[in-house]
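Participant: Chain A is fixed; fit chains B, C and D onto it per the hints.
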Amino acid sequence: MNFESILTGVMNDASWGRSLGLFAPELILCVSIVALLLLRLVNADRWLPSYLIPLFASLTALGIAVYSFFQMHGAIEGIPTPGTTQTMFTGLLAYDSLTLFLRVFLLGFLALVVTLTMLSGIPDAEDGPDFYTLLLGSTIGMMLMSSANHLLILFLGIEMTSVPSYAMVGFLKGRRVSSEAAFKYVVYGAGAAGVMLYGISLLGGLTGTLEMPVLASRLSALLGPGGMNDPTSRTVALAAMMVLVGLAFKLSVFPFHFWCPDAFEGAAAEVGGYLSVASKGAAFALLVRFLLAFTGGTSVDLTSLNLALGVGLGVVAAATATFGNLAAYSQTNVKRLLAYSTIAHAGYMLMGVAAMVVLLNGPGGVDAAAKGEAATCIEGLLYYLAVYLFMNLGAFAIVAFIRNEIYSEEISDYAGLGRQVPLLGACMMICLFSLIGLPPFGGFVGKFMIFASLFQAGKIHMAMWVILVIGTLNTIFSLFYYLRVLKVMFLESRPEGARRARVSFMPSGAFVLLVTLPLLLLGASPLVNSMSDAATRVASMLVAAVR
Amino acid sequence: MNGAALFWFFAAVTCAGAVAVVVSQNVVRMAVWLIVALGGAAGLFFQLSADFVGATQLLIYVGGTIVLLIFGVMLTASGPYLRIKTSPGEGFLAAGVGLLFVLVLMSTVLTIDWNAGRLKLAGLGKVSADAYETALHKEGLSESDRTLLEQAYQPSAKADHAAEPAPKSGPAVAENPEAADSHGSAPKPGDVHSVPAALAYELNPGRRLTSAEAARLAALFGQEKAVVASAMPAQGDTIRPLGLALAGLRPDRDLNKVHAKAATTPGYLLPFEIVSVHLLVVLIGAAYLARTKRRRVEAS
Amino acid sequence: MFSPTAIPKFLAVAWLLPLLGFAVEIFAGRWQRDRKDRTAAGLAVACIATGFVCSALALFTWGIHTGWAALAPSAHGEGHHGESHSAAHDAGHDEHAKADDHGHDAEHAKAESNDEAHADHAITGPLTGTFYTLARFGSLQLSIDFYIDSLTLVMFTMVTFIATCIHLFATGYMSEELTDDYVDHQVHTRNGGHFHRPGRFYRFFAFLSLFCFSMLGLVIAGNIFMVFVFWELVGVCSYFLIGFYVERKSASTAANKAFIMNRVGDFGFLIGLMVLWTYFGTFSFGAYNPEATGYGIASGLKVEAPHEGEEAAPTVATGLFGMARGSDGQLRIDQDVDGVATVVMTQADDTDLLDAEGNHRMIPYVLLTIAGLGIFAGCIGKSAQFPLQTWLPDAMEGPTPVSALVHSATMVAAGVYLAARFYPMFTHEVLLTIAYIGCITAFVAATIAIVATDIKKVLAYSTISQLGYMMLGIGVGGWGAGLFHLITHAFFKSLMFLASGSVIYGCHHEQEMPKMGGLWRKMPITAFTMLAGVIAIAGLAIPGTPIAFSGFHSKDAIVANALAFTYANPSHFLLFVVPLVTAGITAFYMFRLWFYTFAGKPRDHHVYDHCHESPRVMTTPLIVLAVLAAGCAIGGEEGPLYKLITFSQPAGVDAMDPPPAVAQTTLPGHEAVHAVHSQAGMYALIAAFLGTGIAWLVYGKGVLDPADVKRQLSSLHTFLSEKWQFDTLYDVMFVRPVHVVSSWCTAFDRVVIDGFLHFLSRLTIKVAHVDRRFDEGVVDGFVNLMADSTYSVGRSFRVLQTGKLRQYVMFIAVSVVFLFVLVFAFFPRGSSTSAPEADVKVSSRVVPRPEVNRD
Amino acid sequence: MAGVDLTAYLLVGAVLFVCGIVCMATKRNGIGVLMGVELVLNGANVNFVAFSRYTSLGLDGQMMSLFVIVLAAAEAAIALAIALNFYNNHQTIDVDRGSELQG
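Chains as they are written, first to last, in numbering that gives the first Met the number 0: chain A, 0 to 546; chain B, 0 to 299; chain C, 0 to 854; chain D, 0 to 102.
Each hint should be verified, as a subset may be incorrect.
The calculated lysine-lysine pairs, modelled on BS3-like cross-linking and capped at a C-alpha distance of 30 Å, are [unchecked claim]:
hint : chain 1 : residue 1 : chain 2 : residue 2
1    : C       : 248       : A       : 486
2    : C       : 600       : C       : 248
3    : C       : 256       : A       : 486
4    : A       : 370       : A       : 458
5    : C       : 521       : C       : 600
6    : C       : 256       : C       : 514
Simulated DEER-style distance windows between Cβ atoms [claimed, not checked]:
hint : chain 1 : residue 1 : chain 2 : residue 2 : range
7    : C       : 277       : A       : 367       : 33 to 43 Å
8    : C       : 513       : A       : 513       : 34 to 44 Å
9    : B       : 73        : A       : 173       : 51 to 61 Å
Calculated from the structure, these hints are not laboratory results. Bear in mind the structure is a predicted one, so any value in this text is a computation, not a measurement. Glycine included, C-beta positions come from ideal geometry on N, C-alpha and C.
Excised from the complex, chain A in its bound form (with noise of 0.2 Å):
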């Protein structure tokens, strides 16, 4: 064993210099953390605004991210080829499609958070670095997240996403409910981070390899026939299943979504917002590429376990979807109205994925047909959370605005502001009626996609049909508790000595607008079709890996 030719092979090798590069973004991310840092020493942070570096840092990275994206998709025109996955760093994390999608998705969302906070100025200039210090932390964490190839970065991502937030979370540190809002945050997700931990260490344990890509066959060679009467087959459950609960509490998912109507009040609007688009894009990318990594074999075994795991998430989906807009119907303040609505969104959006696992484990096995269909769900997912996006981001940079003006959250306290600020007005008007699922809009278009996918998953078991009709039941239940708002704000008139709103249109108005304008652009425009177009090959792309 000559450890100097070892050395020396492995300097030699081009993949670290290949690894780095391709990792540019986050390391631009990083960087700026360092420069945020060492800006405050030289004191500089007094006539430099805290929020240029990361704006900065994140068009640029965003730029690269987008670079890349379509540098990968221009590669292949046409059909997507299996095999276009890579890894970087050894394997660690994938380099595919879905995590350039989910760098463009948390980039391009990172720059508009920035620009919120900016305008709404809830950092103030003083604790700016330490905000967005965090903020930068967290979506690194997520960015991980969304590109995790090993269960080890799935931890890490996970916890790096959190802690950050927790902190963020808290980090109106004056206030009562800021600080019970963040220490339960942080108890929970503590908890929810320890079970999964201890789902890893099963699993890592039964295979003998923390590598997702090989848990599959390794799993399928483990198994053996009797179903739950096999203790490897009970222990394999359970071990899913664990790591499934600290992916849950990332996803706000029902039995584990306590958290985050708490948290979403206590924090501020921005982080709410933050919290609820971006760390759910990134567990769904994660979740995703969890169960493919169950997903593919030959055991029957394994499939039926994957099947019972498909159906037990799709019951969980719908039991969330209808527990989310229940709940939300006696709520008095918007943002907890909004955390409500948020559960049920992450319902209809795990409905997709429940979807997916089951079309890859019918009877006929991971054949084209079912890697089309799988595809499909996995297109509506994305459609669906770009989409998801600018909706709910939009609601919350209104509730921003508006608490700026009006100092407070409240439903009542909304009363005829439909009139008072007709721009912002309108755009909640629309913002809403997107998340509604209304068609002229994009929700509507997510909404169906994922539908129809569950559709095609009723074919192989019929509880899927089962939850398809309660998730459209659930459209319908939406509709009330959004409407309110919107009544609220329209229908009644304000009353005498209520705090006066003015929003002007530059920047906060065209902030809101430039927001809100992508609903219409993709429910009825040719944008619909050219992100649907880019869904497809990521989600192609994706499942064509899957052996």
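Facilitator: Relative to the frame of chain A, chains B, C and D by itself:
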């Protein structure tokens, strides 16, 4: 000193410490018991010849985290004699939930035959009759080995299951580099496909194996490397491998094929570096939160 | 004159002009000098009137290019084949059949030569094509398509014409809004005054224009997706218009109710849409072939050789209607190997449609039925059919011109129109459902109308009732009859609504009939135009002569179909009896309305003295509509209107046999209907005269005192005036449970978890009690401990109310265990090797299909 | 080490894990809750190291446990900062006092 006795000692200390943390009502005592439990766990790590992890556990956990917690205790003590107690009802409820958890774990983690799993991963969950006979009639096979072979394996029982050309072992072995490398001559896992299925032998689920027995069985089939825990140094010499892995190298895996595919097994350079960024972020965040609040005059 | 390619262009102009109008008018508040400016109204009228001209031109062009074949005195009663005048779905192969048919008849020589002269562009089927493609997801294409046949054209002309009249009327009716300070007398502010607001004249016309645009889009739509979008748009517009007086609580409630009721129906629509898309893989109605015609003039114009249809890609070559049924209008039903009935899809040349792997594409019969029921559920919501009818009377809260538009030409007509459009997709079971729903609706609404006293409510219930008639007509196989009634009804109902609007305007917003009476002296034009409408809807005619108002002809057609259906299926006799009774009731309550309002002595002199005839801008539309209400159906089923409509009748409607072993009902063929026609007409006439007579006796002549009758039948009267208790029923069935469930869920944390914990706390107390007894009995020294434990019990009570965090953590643990059990439940226990293979891919398997229904 | 097998270590891990969960669910002292978190993570850690010795997980298991220790330290730092913040705002560390957010 006997290894088993040491294990039981550390295990008892750890468990007792953990239970005491749950039971005690005074937060300072809890902290002390936590030190005991985590120290016991460190002892277990040493016992498992993971000396570096054990040392880290002592340094960071017992030396760092716990001190941090005790600081927390001190900073948040409202009054010297105030006790915040848990009511018996809640204790009852929590005990019930804990019991449920224990039941779940007992039905899964603690009943599973891990050693059989290792054999299965090595492609020995089901062996062809040929391979089995060869192993059984090898020259100089001791009596205990023969008994082990006979008890551990049984003829493939289910006709319908056997009718399939045993699809399970094929891909797993192909994925498993150790197994793929090591089977030199005798029982190629691929053979399973060609043998009439009724003549195959599979692991007997009724016979639980110890890890030593599993290793012995693998050796009998010529696959010891696949089952014996990779290239972990048995004497606890883990610092160098761990350090190399943090630098992105995996000498325990890549030694023989470094030039061919150095980048295939995870070296941990990325997490190592990214965790440092994470720590920086966390420190800034914690400093912000713990800083005295600037009392600004509220507008209202 | 114009080439056929101009037809879609004309219609597109007629369709988009109102949108343009809307876009300009909605900002009228910005550019108008003041609130008294009538420019917005002028613009709206101009847009819709131009639209009417364009529609008429399109109809005319279409007529020229079909050689007016639709209007040729055709072979009714001459034993002609159904196909000869029914437009087929697909072009090419029908050409021969048509030519053959024409050959029978010397009269057709001209038409035939006309066909030959324009052989390359003569219109033989629906014109279909794509205006603009929005998006494409794989095989799913979302586009703005058109599907134009004679029905589309007639609807377009009708809608634009009536809308023009209504717009014109509204410029007079809404003139009160031409002010900066409109006082809403129905809204009371807290200090006892009335609500003041700026007038909303321009906004009213903006929404009216948008409404017309939506309806026209729905009519021209060439695929289900587009239908759905405009369907929703119509709903949104009605939401705005019904809630025009948002300050009135009743108005905003009614708007919400209409919107939500419609959403309930749309839920079914969505399911149907999804099923159809999944199995048929396309949204479009008819075949189209965009590259052949540039901007999408499709196979309807281009005469293709039959064999070309085979070469085209199957998914493009046929639309939904062509795939569901062959050109003979029959479903190809196949008993699959498992005994499951499936419908095999066909393509343009009547051969079966194959998928990419060469298998027959089929859809299970049950699913086709479900899809049909889903689509019809949408129609139920929009056309206010039982059991979703309750929103329509409430929708009277909108201004009267809106009511007129909603009730005649646009919203409610949309449901009937869609049911007729989707006729080829409906199986016999669906049709039977439609018939019964229509039947029930007609009867229920008519009975409620007897006791209503608000003049607009009577009309609203009569609308529901008449819509029920139309649905019934479609359900019993009278496709043409149902649509015929739709058109005639649109004329006389818009007339009556405008007349009632005129009354309301004249009486200064008095709507209660008991306060009117004798008004004909004050407003003669309104009274007599109204009388024309009443006669039309009552279906009166002079027996033995062809003199009859439009309603008689169309209702007669429906009743004849129902009678023929009853002859063919005696067990469904109610489908004839109930409508007949309803016809009598209709005549009764309509004449009751007229007598109540216009005849007799004034009952409220305050109202009478102040009432006046409306200005000319409002009476002119009344007169025009009265003439049309009387005469639009001239000639009955031999007349031009009916023939124009039935020209695009789906193939096989006239002679539809029951497909074996699946359907239980027989649809009457044309001959069967014709045979019972005069008989049915007689019955209907008798019923109508009976109703009229009673109304005259009671309300005109005063033989019976209505109040006396009301007293004697008070419980029935209450039941009817409470609208059969539907609102209460819905409240109990849906609204309250939702409230209950939602309160459960919102209080999930508080109620369920805390309830659980309360239980545990009680347990804790018990434990503590035991504990205490132990302490007291055994060790005195543990008094402190006892105090502690009681303290902690009390504490835990407070904890239960407030403490959350630890419950959350507890819930992680409990959920993990619970979910583990859940996965257990879905995970097969025994040997999992026997995977179910057989049941899943039935649809793609090649099944030797027995030759059925190929006569 | 005769008689000591993987399952024995897993048993210790399971005990730590369950004790941690119960500790989190019962302690009203916020710091005590955080101690429960440490126990849970250690339960998983014992599993990892045991697996690294007894299965082909090898070095990966130990590596994982190292990262877990570091991440747990980071999490504890933030959690304690938040707990201090909570204390500053509520003047107590009793988690039951923080229940303004509910419903």
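Participant: Taking the hints in turn, state whether each one holds.
Facilitator: Taking the hints in turn, this is what the structure says about them:
no.	hint	in the structure
1	C:248 with A:486	holds, 12 Å
2	C:600 with C:248	violated, 35 Å
3	C:256 with A:486	holds, 14 Å
4	A:370 with A:458	holds, 15 Å
5	C:521 with C:600	holds, 12 Å
6	C:256 with C:514	holds, 29 Å
7	C:277 with A:367: 33 to 43 Å	violated, 18 Å
8	C:513 with A:513: 34 to 44 Å	violated, 58 Å
9	B:73 with A:173: 51 to 61 Å	violated, 23 Å
When held up to the earlier numbered hints, the structure conflicts with 2, 7, 8 and 9 and fits the remainder.
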